[in-house]
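Trainee: Residue numbers (this note's numbering), protein chains in the order written: chain A, 1 to 337; chain B, 1001 to 1261.
Please note: incorrect hints may appear among the correct ones.
Capping the alpha-carbon separation at 30 Å, the derived lysine-lysine pairs in DSBU-like fashion look like this [said to hold, decoys possible]:
1) Lys227/A / Lys1023/B
2) Lys1157/B / Lys80/A
3) Lys199/A / Lys89/A
4) Lys158/A / Lys1002/B
5) Lys1017/B / Lys1157/B
Non-contacting residues of chain A with respect to chain B, defined by C-beta distances greater than 10 Å in every case (computed) [stated by the list, open to error]:
6) Glu85
7) Asn94
8) Gly123
9) Ser137
10) Lys272
To be clear, the hints were calculated from the coordinates, so they are not data collected in a lab.
We put the beta carbon where it would ideally sit given N, CA and C, even for glycine.
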Amino acid sequence: MPDTRRSAASDGSIFVFLEQTDGIMEEVSLEVLGEARRLADRQGVSVTGMVLGENVGGLAKDAASRGADVVLVGESPLLKDFATEAYLKVMLPNIRDRRPDAVLMGATRNGTALAAGLAVRIGAGLMAHVIDLEIESGTGVLLGSVPGFGGSIVAVCKCKGRPQMATVRPGIFKPLPANGSNPGVIESVPVDLRSEDVKCRIMQRSVRRSEDISRAERMVIAGLGCKDNLSLPRRLAEALGAGFGVSRPLADKGLAPKDLVVGSTGYSINAKLAVVIGVSGAAHFVSGIRDAETVIAINSDSSALIFNHADYCAKGDLFKIVPELIAAVEASGAKGA
Amino acid sequence: MKSIVCVKVTPKVEQIKFDEARKTVTREGVENEINDADKNALEMALQLKERHGGTVVVLSMGPPSFESHLKLAIAMGADDAILLSDRSFGGADTYATSRVLAAAIKRMAPYDVVLCGEASADGSTEQTPPSIAEWLQVPGIMYANSIELQGNRVLAKKSIAGGYETVEAETPLLASVELGCNSPRFPDFRRKRWAEKEFKLTVWNMQDLGFSPTEVGLGGSLTEVKELRNMSSRKRRGELIGGDSKEVAARLGQIIRSVGG
């Protein structure tokens, strides 16, 4: 029975931090919310979401129709942009008062920083970047699958005490569709902030909304073997109507933004088709293409490790094969096929 | 100015093997090295020292065998190194690890900046730097790739999803440093010899930091590992596509059409 597993310090509910950036809800927050709903239904408990920002009432409404029983809303100009210390200050009293059994959030950069700060402040165990959540039979304890060692080994972890905390890797769970007949309750929470609570002030910001490669149906991924010239793989991506990604070293060299990195230090892809060009195939990269349905590897180095992780292996001069492939794809009109 | 750089000595991830029968990680014969991102943090600290003077102290937690790695950091240019070493520290999760590191940093106060790598190659939780910032109650700037110092004011450029932000904060502060944001220097040959022969590493144990066994290591951790599982790669066809470039491209085109996506 759920009541026997709860410590006195918990009300059994699941608390989800809902992250927004520039007034847009992070997709992973809705994914976490959907998974929280599934876990809560099994345990017969409620789900509380929390959204912080400025003019975020619309986001709260959406979250309430996608799995939250209650959505707490904290609004202030000082919460418009993410600021760890200020966000923590608003969240803390709400977590303390509500005593949730579990606190979940997306493993974004901001989510990770916030979760780590919160865990220290409230003395809670925190499982990082989980790729699966389940309830331990008998005890009702939350089990989180935490990838490590470049993504090749997973540790199934649990927290001691309450609340149990986890950050969830983006792209793992499916969000629930909006359910207009189940609108949930939206509650405003008090926000007592002063400007000095924002300890890192944003002076300048440059953001280019790039494609979310973890959700692309097709992907072309370039590695160091492409040398410094990414125009070939980019052209192939365009011809295929595919997303474009890179292995970490290319981003480290400044040849591509970090948001395009595939692997354990970047994104995992879920594509039906991944064409991997000039990538050597180190473990931390391979973990990023594990969920791709079909992998085609093109590499000039016939002994490249990537060929052990590909369905179709083209061992040959990529600078000759790729232009021919672009021509073949363009000729057949395979884009979007 | 005084910079403290937290470094982790990690096993080379590609050499780690999973023992299917015992469900454990085999570390025998696996080489250790300073975590890559932590080398970037050290390089950033050394560059700050070159511009503003002061000292760079390297801080790590682990067994006495890590001494040689810390001496390498000294050879790269760090002024001092402290190893937090005690059997009771073993098995720590990020909560217990950050608690011990923060206690050591407090003991080293005053300091201006604490730098850490953005993530470790083995655990990759990215949780330790923001956790230390919370224990220290100092501003935390995560994924910084450059830092400028003007008095007690810091301007840092940091990576965010889709771009970057420039943020301003005041010292003392903690920053996690982005992997690959600079090129860590090689150890200086003469410093290396000095570090190996004459440099004396400072070692602090649990008593030095005033902890009890229930507060550190496995006992002080708030998470526990129930079991380890191998994430074996998905079975792939491994079909070789032969022929000249034109033939290979034509066959790949066919495959792409057949799998759709």
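Trainee: Each of the hints needs a verdict: does it hold here or not?
Mentor: Hints, one by one, checked against the model:
no., hint, verdict
1, Lys227/A / Lys1023/B, "violated, 40 Å"
2, Lys1157/B / Lys80/A, "holds, 20 Å"
3, Lys199/A / Lys89/A, "holds, 12 Å"
4, Lys158/A / Lys1002/B, "violated, 38 Å"
5, Lys1017/B / Lys1157/B, "violated, 37 Å"
6, Glu85, "violated, 7 Å"
7, Asn94, "holds, 18 Å"
8, Gly123, "violated, 7 Å"
9, Ser137, "holds, 12 Å"
10, Lys272, "violated, 3 Å"
The structure fails to meet hints 1, 4, 5, 6, 8, 10 from the earlier list, while all remaining hints are met.
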